[in-house]
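Could you build all of it, start to finish, from the sequences and the hints given here?
Protein chains in written order, with our numbering: chain A, 1 to 264; chain B, 1001 to 1372; chain C, 2001 to 2299.
Incorrect hints may appear among the rest.
[Stated by the list, open to error] Using 30 Å as the maximum straight-line C-alpha spacing, the simulated DSSO-like pairs for lysine-lysine come out as follows:
#, chain 1, residue 1, chain 2, residue 2
1, B, Lys1170, B, Lys1221
2, B, Lys1230, B, Lys1186
3, B, Lys1186, A, Lys51
4, A, Lys8, C, Lys2106
5, B, Lys1088, A, Lys51
6, B, Lys1186, B, Lys1148
7, B, Lys1290, B, Lys1060
8, A, Lys162, C, Lys2106
9, B, Lys1037, B, Lys1060
10, B, Lys1083, B, Lys1148
11, B, Lys1329, B, Lys1148
12, B, Lys1230, B, Lys1290
[To be verified] Now the in silico label distances, taken between C-beta atoms and shown as ranges:
#, chain 1, residue 1, chain 2, residue 2, range
13, A, Lys51, C, Phe2063, 52 to 58 Å
14, C, Trp2159, A, Phe242, 45 to 51 Å
15, C, Phe2141, B, Ala1082, 41 to 47 Å
16, C, Phe2063, A, Leu101, 20 to 26 Å
17, A, Ala167, C, Arg2292, 54 to 60 Å
18, B, Thr1034, A, Lys51, 44 to 50 Å
19, B, Ala1082, A, Phe242, 31 to 37 Å
20, A, Ala22, C, Gly2202, 30 to 36 Å
21, B, Gly1331, C, Trp2159, 53 to 59 Å
22, B, Thr1265, A, Phe242, 24 to 30 Å
23, A, Lys51, B, Pro1150, 50 to 56 Å
24, A, Phe252, B, Thr1034, 54 to 60 Å
25, A, Ile2, C, Arg2292, 54 to 60 Å
[What the hints assert, rightly or not] Where chain B lies over chain C, by a calculated footprint (3+ residues, C-beta under 8 Å):
#, segment
26, 2155 to 2169
27, 2249 to 2259
28, 2270 to 2281
Rather than coming from a laboratory, the hints here were simulated on the basis of the structure. Think of the CB as a built atom: it goes at the ideal place given N, C-alpha and C, for glycine as much as any other residue.
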Amino acid sequence: MIRARRAKLRLFRIVTFLLFGAFFIVPIYAMFEFSTRGNGENAPRTLDNWKAIGTYPDMVAGIVNSLELAVITSIASLVVLVPTMVWVRLRLPRLRRVIELISLLPLTIPAIVLVVGFSPMYQWMGNNFSDSILTLSFAYAILVLPYAYRALDAGLAAIDVKTLSEAARSLGAGWPTVIWRVIVPNISSALLNAALLSVALVLGEYTIANNLLYPNLQVSLVSLGRTNAGVSIAVAVASLLFAFALLIAISFVGRPRRMRSEVA
Amino acid sequence: MNWRYQIRGLGVAVATLLVVAACGSSGGGAGACTTAKTATSAAACGGMDSLVAAANAEGKLNVIALPRDWANYGAVLDAFAAKYPSIKITSDNPTGSSQDEVNAVQQLGTSSRAPDVLDIGMSVALANLTLFAPYKVATWGDILDAQKEPTGLWFQDYGGYMSIGYDSSKVPTVTAVSDLLGSAFKGKVALNGDPTKANAALNGVMMASLANGGTVDDISKGVDFFHQLKLKGNFVPVQATTATVKNGTTPVVLDWDYLSATHGTDVPTWKVFVPSNAILLDFYAQAVSKTAPHPAAARLWEEFLYSDAGQNLWLKGLARPVRMAAMQKSGTIDTAAAAALPPANGTPIRLTPDQATAAKAYLASHWAAAIS
Amino acid sequence: MTAAGNPAVTGVGRPMMGGRRLSLTWVGAVPFLAYVGVFLFLPTAIIAVGAFFSESGFTLSNFANLSRSYIVTATINSIILSAVTAVAGAVLGAVLTYAIATGNPKGVVRRIAVSASGVLAQFGGVTLAFAFIATIGQAGFVYLWLAQHNLDIYANGIWLFELRGLELVYLYFQIPLMVLVFLPAVDGIRPQWREATESLGGGSWHYWRYVAGPLLAPAFLGATLLLFANALSAYATAAALVNQGGVILPLQISNAITSEVGLHEPGFAKAQAVVLIAIVAIVTALYGILQRRTARWLT
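Okay, structure coming up:
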């Protein structure tokens, strides 16, 4: 009976991956196909647009800015969220609903409106503190909140936080040790997940950076698109592939997950 | 304690900044203009050389919403950078609308990243006079009175005719606006934006209205025309971009002639048609921000735009610069570029601000229903 | 997991000061609340307060104007669009998540699927719209291929540039988002549960209905709610694809903020944003009630 189930599962997985794979890859292939078109109806295929990407220094600046923001934002959001969520689970369970609603708030307000709320703050920061694009990480850590919260919540729900922390405390550990050396290793996959979400969000964010006039990756990409449609679509596909490669690389960084057999 | 060192370090940094700023502003070169913030002309600032010196001392210029392919702004920016190499230009939000520019000025206030100069549509200009500083460029006299604000708060820069741009290899030649109702145009006609939002789209609907018996005071015929287009399945509600034009999704676009003409680089068979019974002309306007972080550079930019060089660069972008008549008379115009302009035979019509207001009020209540 | 939950030692590590233990436990939440207070509540308050102002000062007209017919239509469209893509995205995403989670935890397929989900969940705006235009637009190669085989999907109008088209395009980032937020929960399923069910004589149906289903239900509902909120406020993709007529609320908001033909009403835009927040608050409350109900059924 188990063998039959295994076979059914296998078939299910193959069909699922084929169907979903097609759905997701076909539009990207369409973009790639467009980016290799020449000028005019019957012009031959060309990689000119792709070769031209390297000739835009603003693009490189945008990429670097976004990468720095991605690192800062993912670390900052985890540092703020993990201790808070552990604490709320253990000591302030009534706050859970509130924090859940709070975490949905950034998602609900369209970015074009949120930027109206952010701009007085950024004006003040620009005049008194720093003008750098890296201050966007304050805003991005908020944008990341819904996704990071969900990922961490699921991770924390899967382990018995109460028992683990009580055990550690009764053995004399202080709270920092409990969080850093007991809880964090057990939710490493959720942490990685949250970090991945942060990185993807930062690399894909456009509206807030644009309205606060900061040149991040997406803003540079769009402004490149005004000059040249083929190159801009080539850059879009390139940035997708780049983010994809980055995320795969990050997936190798996480600690190896528990050596257990697959989910049934 | 770490923070004590940090505060000390911060204090040193602040002191250094103050010293450098003081040195910078006073040592900008012989006779640098120090009153650029309130100067209403280059002469008031001590002459062009002193304005240039002050601008070089500032070293930066923030412009906004200037796409490189819009009226050849790419070449304009490059030419300015070549002429004044010590002024670094930051070009933000190239796809922004006129309102976005004004929003940025308001939101960024006195920040050093706020825009210095604005290139905006007339209705936005007229609604935001309090944000501008009066300034009269050296060639002020060449601009017609109707095209500038008397104290220099805004002054028109370039304009064009509303046109129908189309890919002649995909659709038959367009000789009148009503051709678009034909079956050969099924699923092919697009506007550059939503008329309740974008100036270009509003004028597109107005052109259709004029061509179908409407007047400048009544845009309803244009709305009806697009309703017909939608019923026939000819109208495509997608945002027309260089990508959709090249891809073939929007082979017919109603847009300003100078913007439409740029599609010719992607689509060699692109043609631009201005209907002779509906020649709708509109100009954009320049303004200097009152809270510009680089006031001298801002004014120098305006001087450059209104110099013969700047105006001819716009002409090369197939826009009609505001000093065109004066330059034709004095012979400084780029005749080759002028000859390349899309032909428009007839008297151009211009909307007054009141007519534009009436048009948008009508659109606000009728457009969505017409094209749904 | 419940009866044994009483800690052996209560209030560990904190001296009890006058018996007011509660006030000190709140301290743990302060950093988060302070950060969120400055960077989330403050902007939200600015927006909410701004909704009461227009060019002429304090007014309630922005909220009164919400009854304009096109705003009502846009609100309803937004809710429908978000609900459809949230439910469809959640169901399809859950299927895909299960397919991923049942594979080798360190395998290539999982790495690719998770990384791809991470990238595509944030993929939107002009480029996503164009990707679909290039695929099934009137000049898209899939459409043309289908047309060559006498299957004109646009025989009754080009639905890609209407609400239905938006639903399809939104799924493109809703499904990966579902995978990302639901995967940790599905990973938490232990194979022992399956074995236990089978050793008690239960089949797949029993497993899903009584064991895995109830345990995954809270995470599933929570993820659906997230997808709903995500779709509700999404703007850039719709702006590129359905550029005319402001069919959904974020497009109307954008009109009110960036209109350069004088329909610029920032106060009204903020009032509409408050409507969006209210919708999500209501749906979240419903989700809370639903969660408590299902917990009761399932125990």
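Verification of the supplied hints:
1. Lys1170(B) / Lys1221(B): 27 Å, holds
2. Lys1230(B) / Lys1186(B): The hint holds at about 10 Å.
3. Lys1186(B) / Lys51(A): 36 Å, violated
4. Lys8(A) / Lys2106(C): This hinted pair holds, its Cα atoms lying about 22 Å apart.
5. Lys1088(B) / Lys51(A): With a Cα-Cα distance of about 27 Å, the restraint between Lys1088(B) and Lys51(A) holds, given a limit of 30 Å.
6. Lys1186(B) / Lys1148(B): Roughly 42 Å separates the two Cα atoms, so the pair is violated.
7. Lys1290(B) / Lys1060(B): 16 Å, holds
8. Lys162(A) / Lys2106(C): Given that 30 Å is the threshold and the Cα spacing comes to 29 Å, the pair holds.
9. Lys1037(B) / Lys1060(B): 15 Å, holds
10. Lys1083(B) / Lys1148(B): 27 Å, holds
11. Lys1329(B) / Lys1148(B): 20 Å, holds
12. Lys1230(B) / Lys1290(B): 45 Å, violated
13. Lys51(A) / Phe2063(C): 52 to 58 Å: 54 Å, holds
14. Trp2159(C) / Phe242(A): 45 to 51 Å: Since the Cβ atoms of Trp2159(C) and Phe242(A) sit about 33 Å apart, the hinted range of 45 to 51 Å is violated.
15. Phe2141(C) / Ala1082(B): 41 to 47 Å: 43 Å, holds
16. Phe2063(C) / Leu101(A): 20 to 26 Å: 22 Å, holds
17. Ala167(A) / Arg2292(C): 54 to 60 Å: Check failed, 30 Å falls outside 54 to 60 Å.
18. Thr1034(B) / Lys51(A): 44 to 50 Å: Holds: the Cβ-Cβ distance is about 49 Å, inside 44 to 50 Å.
19. Ala1082(B) / Phe242(A): 31 to 37 Å: 33 Å, holds
20. Ala22(A) / Gly2202(C): 30 to 36 Å: 35 Å, holds
21. Gly1331(B) / Trp2159(C): 53 to 59 Å: With a Cβ separation near 57 Å, Gly1331(B) and Trp2159(C) satisfy 53 to 59 Å, so the hint holds.
22. Thr1265(B) / Phe242(A): 24 to 30 Å: 27 Å, holds
23. Lys51(A) / Pro1150(B): 50 to 56 Å: 52 Å, holds
24. Phe252(A) / Thr1034(B): 54 to 60 Å: Once the Cβ atoms are compared, 59 Å apart, the range 54 to 60 Å for Thr1034(B) and Phe252(A) holds.
25. Ile2(A) / Arg2292(C): 54 to 60 Å: 37 Å, violated
26. 2155 to 2169: Check passed, 4 qualifying residues.
27. 2249 to 2259: holds (count 5)
28. 2270 to 2281: violated (count 0)
In terms of the numbered hints stated before, the structure departs from hints 3, 6, 12, 14, 17, 25 and 28, listed from lowest to highest.
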